[in-house]
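By the count of the working numbering, the sequence shown reaches residue 408 at its end, each step adding exactly one.
Please keep in mind that the hints were generated in silico from the structure rather than gathered at the bench. One or more of the hints may lead you astray.
As the list claims (entries may be wrong) - Computed cross-link-like contacts, DSSO-like style, restricted to lysine-lysine with a CA-CA straight-line distance of at most 30 Å: (1) K235 - K58; (2) K117 - K235; (3) K235 - K370; (4) K235 - K300; (5) K117 - K300; (6) K369 - K300; (7) K235 - K298; (8) K117 - K58; (9) K57 - K127; (10) K369 - K298; (11) K300 - K127; (12) K117 - K127; (13) K235 - K57; (14) K127 - K235.
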Amino acid sequence: MLNVILTGSVAFFITFLAIPAIIRVAQEKKLFDLPDSRKLHTSPIASLGGVGIFLGFFLACLLTISGKYNSELQYFFASALVVVFLGLKDDILIISALKKFLGQLAAAAILIHLADIRIDSMHGMFGLGRLPDPVSYLLSYITIIVIVNAYNLIDGVDGLAGSLGVLATSIFGAYFFMAEMQVYSLLAFGMAGSLLAFLVFNFNPAKIFMGDSGSLLLGLVNAILVIKFISVADAPGALVPIESVVAVGFSILVVPLFDTLRVFSIRIAKGKSPFVPDRNHIHHLLLDRGLSHRTVTVSCVGLNVTFIVMSYFGRGLGSIWLLLIMLAASSAFIGILMLVKKTSSTLVITSSFQHLNSEPAIQPATKVVSIKNEAAVAEQ
């Protein structure tokens, strides 16, 4: 217990101290996420919060986790470094979707082939047990990349991705603590501590965004945790066994996962690339219907908690039935939401960014966009 408290506390304080310094550097070097016709925030905001999250998480884990506990640790951090630098480059320079995808493949390969973090069984779903290696590898790649992108895409409202991340990592951390798997418990609570510190600066009005460096890292850590959770909780002789573990694991990540799968399906159905950004995410739908940032965040977290409680107490139904119920309930929620009339207003934004950059090439610009009365953050 002492190690858990220490890891979370160290991660919190390192991130809490790092974020103000990162904001100052971003201001001095003019490393901002600028408003445009697609984004919703109306003033330049630093998007390097992921650097502070990574520093707190990484240093806290190095200080409190002994290498003798788990040889997988080096591969976890190697894959984390890949996605953090990939996201950081995208935050600063913007890279193509293909390059981001290839970087995510590299991080997934490290986890799957070196750390052996993979899905090797269907745990009784569809009457299937252990999977052949080729199927196991393919399913593991898909799972990791979908989860990584899910947190990247849900990061569209102040405090949303961070709050959902705290919820998921805290639950995984508590489970691994009870299951006496110290390394995974400390990884989870280290991330939770860093996210809590970040949220101090990210709740509306946000002083800094998580950026791709933070959301990709958050997705990667949750991918590691959920795959290990599913593997351990359904293993013979598990210290803390859980029925319908696949559905329970899905429920812990349900809001970002369902939203991503839904949006990807819509884009593909329209003949578009699934990676082309739009405003069909659940947080956009809620904002367009008059909800504030805080209300959107609380609503999404509350919805996620509801599904977790439902899946845990309904785990006797089996994973397939639970997944179908979650799919039906989520679809019904979105359907009802679509029936609610949008409430938006047109605002003329005059954006003069010459104070951000002394170069004469940057000229004042006027944009007319349809936004909520309250400034919103950009979809990452």
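Hint check results:
Our distance criterion of 30 Å between C-alpha atoms is met by K235 and K58, whose separation comes to about 14 Å. Distance check on the hinted pair: K117 and K235 sit about 20 Å apart at the alpha-carbon level, within 30 Å; holds. This hinted pair checks out: K235 and K370 have alpha carbons roughly 28 Å apart, not beyond 30 Å. Proximity of K235 to K300 is assessed by CA-CA distance (about 33 Å); at most 30 Å being required, the pair is judged violated.
In summary, the hint linking K117 to K300 is supported, as the alpha carbons are separated by about 25 Å, within the 30 Å threshold. Annotation: proposed proximity of K369 to K300 holds, straight-line Cα distance about 26 Å (limit 30 Å). Straight-line distance between C-alpha atoms of K235 and K298 comes to about 36 Å, which puts the hinted pair past the 30 Å bound. Taking the CA atoms of K117 and K58, the gap is near 15 Å; set against the 30 Å cutoff, the hint holds.
Under the criterion of a C-alpha separation no larger than 30 Å, the hint pairing K57 with K127 is consistent with the structure, at around 25 Å. As the CA atoms of K369 and K298 are separated by approximately 23 Å, the hinted pair is consistent with the 30 Å bound. For the hint pairing K300 with K127, the CA-to-CA distance comes to about 18 Å; that is within 30 Å, so the pair holds. With a CA separation close to 11 Å, the supplied pair K117 and K127 stays within the 30 Å bound.
A threshold of 30 Å between alpha carbons decides the hint, and for K235 with K57 the separation of about 16 Å falls inside it, so the pair holds. About 29 Å separates the Cα atoms of K127 and K235, which keeps this hinted pair within 30 Å; it holds.
Comparing the model with each earlier hint shows violations of hints 4, 7; every other hint is respected.
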